[in-house]
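Sequences listed follow chains A and B, in order.
Everything in the first sequence is counted per our numbering, starting at 1 for the first residue and increasing by one.
Everything in the second sequence is counted per our numbering, starting at 1 for the first residue and increasing by one.
Incorrect hints may appear among the rest.
Label pairs and their in silico Cβ distance ranges [what the hints assert, rightly or not]:
1) 89/B to 104/A: 39 to 47 Å
2) 39/A to 31/B: 41 to 49 Å
3) 60/B to 39/A: 29 to 37 Å
4) 10/A to 26/B: 39 to 47 Å
5) 35/B to 28/A: 29 to 37 Å
6) 109/A to 25/B: 32 to 40 Å
7) 89/A to 61/B: 31 to 39 Å
8) 138/B to 71/A: 47 to 55 Å
9) 10/A to 4/B: 47 to 55 Å
10) 89/A to 60/B: 27 to 35 Å
11) 74/B to 71/A: 48 to 56 Å
Derived from the structure by calculation, the hints contain no laboratory data.
Don't be surprised by glycine CBs; every beta carbon is placed ideally from N, CA and C.
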Amino acid sequence: MTEWQTDVSDGVAVIVCPARVSMAVAASFREAIAAAAAEAPKVVVDLGPTTFIDSSGLGALVSGLKTCRQAGGDLRIAAAGEQVRTVLKLTNLDRILRPHDSVEDARRDW
Amino acid sequence: MTGDHYELNGLAVPDDMEQLHDLLEEASAQHPHVPASDVMMFETAVMELANNVVEHGRPVGQVAWHFRLEVAADSLTARLADSGEEYAGWDAAATHDMPGEMAESGRGLPLASAVLDELDYRREGTSNVWTMVRRWQA
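In isolation and in its complexed conformation, chain B is listed as follows (with noise of 0.2 Å):
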């Protein structure tokens, strides 16, 4: 079963963060042609990213999210939208650094940029919109 897709909406809190988790584990369970360590990598960037909208979304506890998952035959494709305030952070080259070893944050972009075949951010009307994508040999 390929072509499926999974929606979900919360807020930028992060408590509402298991939900995400939840999905993924839906959405693997219901797809075993997805490669387990596929799925791994691709929450581990997911997380990631909704973090960063949590960290850095303002108004503070007021912006809401909604997360759509595409499952294909050979990738995952996410699209998480947010309706906080345009994102002035956004740096596509600079997602490569990773920091220091003895740095207490900033990884979280980077690994997410480590584990993607594709990783994208773009403002689109009043959202700010990322895309992930992560691919395998089908």
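Just chain A, same shape as in the assembly (with noise of 0.2 Å):
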């Protein structure tokens, strides 16, 4: 079981994500981004430990940006590498989800 490490400041919560975003853990991301919400509807994913998102990663993030939109808020994803925005860029969901290049850089102006 993956332990999703989140802190909240500011009003904004950091979700820090494992080496590999991919089916054994999209459940409990999904969980992970929805108690974020709960707590802070701006949400921010640190993609930088990530070496490798599959798809039912990228339906968490989905889940977890309609998630945080209800709760009057926003996803934005950070610091992810070649694989993630290349897979990203292939199944377009780098309009929805565009990636900032930093934690720091997607909280600014938020």
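Combine the two chains into a complex, taking the hints into account.
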């Protein structure tokens, strides 16, 4: 069971992802975003440690985006590596989940 | 070193997927001639196909798979065979249809097909067999 580290400060929740955001952790990822959004609906997903994401991880991100928006906030992604960026582009998800270079960058003007 | 192959057996459950990642990592480390970006995209496809077996393999939790990877001078080829019931959902044309941005599922096969030069499904005896090929300029 993956532990999802979430830190809330200044009204923004930051969730740090593991190396692989795949089927084995997708359900707990969804729950972690929902729990974070309940605290602060502005959520930054830190993909810095992540070298691999699959379509179930992407599904969890979309689900999280909807949850945050329904709560009056939004979801931003930060520090995505090459595989994550490529997969976002191939699935057209870069249109709704624009990658920010860093967590600081994602928090800026929010 | 080319023409090598690797084999692995597992069960169609999420926890057995990690072994596939590890095998691809090992194969990549032993074959530095394979471009890192090609390994990365091939791994993306392999995991989507394996996930598909986990999600759709019947009977649930009882499907076993056999994975074989071949590393050539200019390509990676994988064969994933599973013992599940015949896969009824295969539609080669539909694998290219990426779902809308707000969909929460249905991206697996379109994503795999986008990064592969060949993706094929066939029923062989009592097995479902998936073949995946990615080539590069050697």
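To see whether the hints hold, each was checked on the structure:
1. Checked against the hint of 39 to 47 Å, the pair residue 89/B and residue 104/A passes, with Cβ atoms roughly 44 Å apart.
2. Separated by about 46 Å at the C-beta atoms, residue 39/A and residue 31/B satisfy the suggested range of 41 to 49 Å.
3. Between residue 60/B and residue 39/A the beta carbons are some 35 Å apart, a value that agrees with the proposed interval 29 to 37 Å.
4. Checked against the hint of 39 to 47 Å, the C-beta distance between residue 10/A and residue 26/B comes to roughly 43 Å, which is consistent with it.
5. Checked against the given bound of 29 to 37 Å, the beta carbons of residue 35/B and residue 28/A, roughly 33 Å apart, stay inside it.
6. At about 39 Å, the CB distance of residue 109/A to residue 25/B agrees with the hint of 32 to 40 Å.
7. The beta-carbon spacing between residue 89/A and residue 61/B, approximately 35 Å, falls within the hinted interval of 31 to 39 Å.
8. The given range of 47 to 55 Å is respected by residue 138/B and residue 71/A, whose C-beta atoms sit roughly 51 Å from each other.
9. Residue 10/A and residue 4/B have their C-beta atoms about 52 Å apart, which keeps the hinted 47 to 55 Å range intact.
10. Checked against the hint of 27 to 35 Å, the pair residue 89/A and residue 60/B passes, with Cβ atoms roughly 33 Å apart.
11. For residue 74/B paired with residue 71/A, a C-beta distance near 50 Å keeps the hint of 48 to 56 Å intact.
In this structure, every one of the numbered hints holds.
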